[in-house]
Each structure stands twice: as structure tokens, then as C-alpha cells.
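Trainee: Sequence:
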Amino acid sequence: MTRAALGVLSFAVLLDASSVSAASTPSADELALLALANEARAEAGLRPLVWHDRLGQAARAHSTDMATSNCFQHNSCNGQNWVTRVSRYYPTWSALGEIIALGGDPRALHEGWMVSAQHRSKILGAYSEFGAGVAFAQTAFGDWAYATEDFGDRGAIGLDDIPTLPAGGVSPRLGIDTTRELFVNYFHAGGGAPRAVRALVGSSCVDLARTAGSAANGTYGFDLRFTQSGCVPVVFEAIRSDGAIERWPSGKALLVGVGTSGLGCAETTNAVPTQNCGGGGGGPTPTPAPTPGGTNDQLDGLRVTMRPGRSDPDAGIVTLQAKLPSLATFDPTSGPVSVQIRAAQAAPWTTIIPARCGDESCLTPNDRGTAFRGSVGTAALSFTQAGDGTWRFRLTARRQTLDDVERGTVDVVVTADGTSYSGSAEAEIRGGRLTTK
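Start counting the sequence shown at 1; every next residue gets the next number (the working numbering).
Take the hints with a grain of salt, since some may be wrong.
What follows is a list of derived Cβ distance ranges for each label pair [what the hints assert, rightly or not]:
no.: 1; residue 1: 223; residue 2: 406; range: 13 to 21 angstroms
no.: 2; residue 1: 371; residue 2: 189; range: 23 to 31 angstroms
no.: 3; residue 1: 259; residue 2: 334; range: 22 to 30 angstroms
no.: 4; residue 1: 408; residue 2: 215; range: 23 to 31 angstroms
no.: 5; residue 1: 408; residue 2: 44; range: 33 to 41 angstroms
In short, the hints are calculated from the structure, not lab data. Where a beta carbon is used, it is the ideal one built from N, C-alpha and C, also for glycine.
Using the sequences and the accompanying hints, generate a full structural model.
Mentor: Next comes the structure, spelled out in C-alpha cells:
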């Protein structure tokens, strides 16, 4: 059992096997639990599990029963044996397992199960299908999530039946904090490493790194700091080794609620991000197609300051100045602007400025197109062209959560107008803040 800070989750109530309807659609957090189970299985070299609607209905019915009846046990609250209950939804099984927890968001629930040998053995068991159910109830400790995971096997799922992207998630999906964990499972039976795995976040493209398992059977993720608030659509995309492009979820996008204005976000939206992040194709090609613009190691005059908040860990400040090369044409309003700073051994700090803020560009150009300025959330940035044609980039981001900084090499990547510019500088600590020399 694990107890942690809660996210907010809407869920459907399904109490018996005869009431199958659209209300049985799995929630975002239930699918995130599948993605996390597959993350653990990939790390152990096991095939991923596949969502099964009837197992999901059985799990949700039990979570709802526990939440409404104030009981916490595998058997139904009326005493019915758990195997009998699950079998009503999922007959003709050859293997069956179940775990339950009382706790918080998907990551907290999953980590609580994984530290228990008994629960871990179910997640890593000889199963092929999966269902999860989450329901909330008021307890003496506040609102808590009752969670159930049901595992099964009917001998019906072969390797070719496993989707390329079995499941993904964002944890927590809703919250005031701006940092979110993005993660998605990738599986390609008989295939090699993917050409790319990324998340389409609003109008931006965010590359994901492999965090568990192998290249062809693993989980890819990234801890992203959102710069915009409200309801932000997120879709995961992979380009397989044969050039096929796969997306999850199919035909819709998850909605991530950032800040107080995002606490009431729906779980999904039909307004799916449509940007082309590069690569892919209808069939096999000998090499991956390049991302438009490529990468240039031409980020000069680099000056970086990272000052963690002293009394408030979320009150850090990041400032960056750098010079981009002379460019014949340059339009930072053509797409999102992203900045990544990796300082010594600390986790990378990343911010993404979307191309559009409502109906307007987030950056406002002057009449001659030689200066672009804008502010989004806590970040303010500008591009200004000098007389020699080079471009000066400035960024200030306030109210940032920063790790403790330490001296060492600072690597910076600025992406604008489809091209990434990188540079490095040595930094030292002055007055508790990291400053490049």
C-alpha cells in the first residue's frame, strides 16, 4: 500500500458484467498504470501487456465497490471470491492475477506495488492481458484512490498482436506544479530500434529518451517543465525502423492540466496536435529522414545563470544570453522555440515556447523583422539581429524549480525556426548560483 499526494481523476462506475457501455472506456490514469507495468516488464526482458476491456471493467467495478463500501480486500465487499468476480467478466482464462492499493497518482501506486515481492510477481507474471480500475473516496486521510490491477491470459495474444505503442501516460496529469513525467511503451516484434520516439506537446515536439528495457521493447520518457498553463494536448508518436509512424492515443490527445486553470481539464480532446516533427515515411528507407534544419554547433557568447530559490524551491531564476550565427532568413515565429540547459550532473532544465498564444504569435516582430519579443507564462525571450547579421538571443525564466547547482560544464541547445544551435561553457558557483565564466 502506498499513500501519496493525489491527482484528480474522473472515472466511470461499472458494477456488473452486463452493463457494458461507452462508460467502460479506460481513464487516462488507468492506461498510465498499464504503461508503468509494461515499463517494469521491459526492464525484466518480458513482453508488454495489452489492455483488455473486460479486465478493465472487472478492475474498475472492484475499485468502485471498495470506494463506496469502505472496504479494502481482494474479495468483493459482499464476500464474493475475487476469482469468481473477475471470471464473470473474463471467462475461459488460463491464468489470472490481481493486486490492489490505496494511494495516489499512477507513479506512486506503481512504485508501491513494485517494492512488494508479492505484488511485483504479479506485474512480472506470465500474463498477456491487463485491466485497471481507479476510484476515489473520502477517507480519514482525505480523498484517496482505490486502485485495482487485474492480469489474465487466454492464449489469444501473439507477439504480432501487440501494438507498437501499447500505452502511455503523463504523471500527474493534473496539478499546479509545472513539471510532468511523460512516458510511453514501445514494442516492435522482430524490429530494431525506432528512428524516433517523441511527444507532441501543444505545438511543440519533445524527443523522448529510452528509460527502461531495450530499444525494441522499452519505455521512452522525459520529465518536461511546461511553460504554458491551462489544458495542453499531448500525443505520443513513434517512427519504427521500417518508417511506419504510430501514434498513441489513436484519434485523440491526452489533456494535461497545468496550474490552477488546468485543474478542471477533461481527460482527452479531439483537437489533436498535427505538427510534423520530421522523419518517417510510408515504407522502409535506408536511413532516418533528418529533422528539418539539422543541428549547428554555433552558439557563441554563451552566458548562463541558474539561481535556485533560497526559501522557496519553486522560486528559481534562469537567464540565458547567446549569439546565433548570421542567417539569410530567420523567423522564430514559424514554430515553437525550445531551450535545454544541462548543467554538470543535474537533470536538464527545459522550457518550450509555443508558436501560437491563442490566435496570435507568442513572439511579436518589429516592422523590419529584425527583432522578435514575447512573454509566455514565467518566461520572457527575445531575438534581435545585429549589424553583422548575427542574432542575439535572451531568455529570462522566473519561478522555476531548480536542483542544487554545482560547477562544471554547461551545455545549451536552443531550437528556433526548425534548427537547433548548441554550445558549451564552463561555470562556477557564485553566491549560491551557477554562473558561466
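Trainee: Identify every previously stated hint that the structure contradicts and give their numbers, smallest first.
Mentor: Per hint list: single violation, 2.
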